[in-house]
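Given only the sequences and the hints, what does the whole structure look like? Please build it.
Heads up: the sequence shown runs through residues 393 to 712, numbered per our numbering.
Treat the hints loosely; a few may be bogus.
[What the hints assert, rightly or not] Dumping the calculated EDC-like pairs for lysine to aspartate or glutamate here, alpha-carbon to alpha-carbon at most 20 Å:
hint	residue 1	residue 2
1	Lys535	Asp456
2	Lys514	Asp640
3	Lys663	Asp640
Don't read these hints as lab results, they were simulated from the structure.
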Amino acid sequence: MLQDAVRFLRTYDDILLIAHVSPDGDTLGSNFALYGALLELGKHAQVVCEDPVPAIYRFLPFSDQLIPPEQARPAEAVVCVDCADIGRTGRCEPLFRAAKATLNIDHHGTNDHYAASNYVQKAGATGELIYNVITCLKISLNKNIASCLYAAITTDTGNFSYSNTTPDTMRIAADILDTGIDLPLLNRSLFRTVPFHKLKLQALGINKAQLYEYGRIGISTITLADIEACGATNEDTEGIIDSIRDIDSVEVAALLRESEDGQIRVSLRGKTCADVSKIAVQFGGGGHRLAAGCTMQPPIEDAAEQILTLAKELLHGICE
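Okay, here's the thing in structure tokens:
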């Protein structure tokens, strides 16, 4: 597990890191932190993702190093970071397949250990696992690496408010703070800075939400026309799902959005007892018990009906 990952990173000098599609703070922060650590070891590293860095994360160190798969050079060793399954690598999958050696570092419970080497372990964020790797590599945390780790961990734990936050999470956070990172800047950039067009899209997404089963299920849809009308982009849909989940009566929340590739991206959230990963895996997706996702085929209205049917079954089978 951990020692296998450390041995892998020590063995290879040409390493390509893959972030998952529609990248979030955990996959980006974890990749950038590991990238910085590999540079400290004198390794040659690349960070690759199908999608660009969302505006909210472009302040992070090393964010300008992320490249699309078409610009990447095949490497002898590939590491998938925070990718619950190989499908989450998107157009980066051929780079994974072409590598001599593969490593999978991830904290999702639905991960199927798809690489030759796997460091898959329950944690608040993949950033915690990357911290463990960096520590075992005997690399001192500098402010750049620490800032990336903080972004990874704090975004995936809801700023240390979700149930996946553990004593280990807080101990790691303390070590990160000891490096002297600019905590006010990080928190302001991650949680307190929102473009107006994103607020407009979030308001629209909440306004379109429909409640079912006496308010216990909340579902909203976002079309490409909605995004264009707000002057926003796909990345600006981040956060809408959490607002739907936060409705007092809601136990299961779902946000479906049209993607430019013609598919429907689905984000799922449970509040207390609903294991929404059970819905996601039925469409080839995955994730955590209370946070999961998948991809479906259009039309978006039909996809929403399918999600609603499964959400009802989930509630009736678990939460009664």
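Comparing the hints with the structure gives:
1. Distance hint between Lys535 and Asp456 is fulfilled; the C-alpha atoms sit about 17 Å from each other, no more than 20 Å.
2. Taken as a hint, the Lys514 and Asp640 pair is broken in the structure, with Cα atoms around 28 Å apart against an allowance of 20 Å.
3. A hinted pair counts as satisfied when its Cα atoms are at most 20 Å apart, and Lys663 with Asp640 qualifies at roughly 10 Å.
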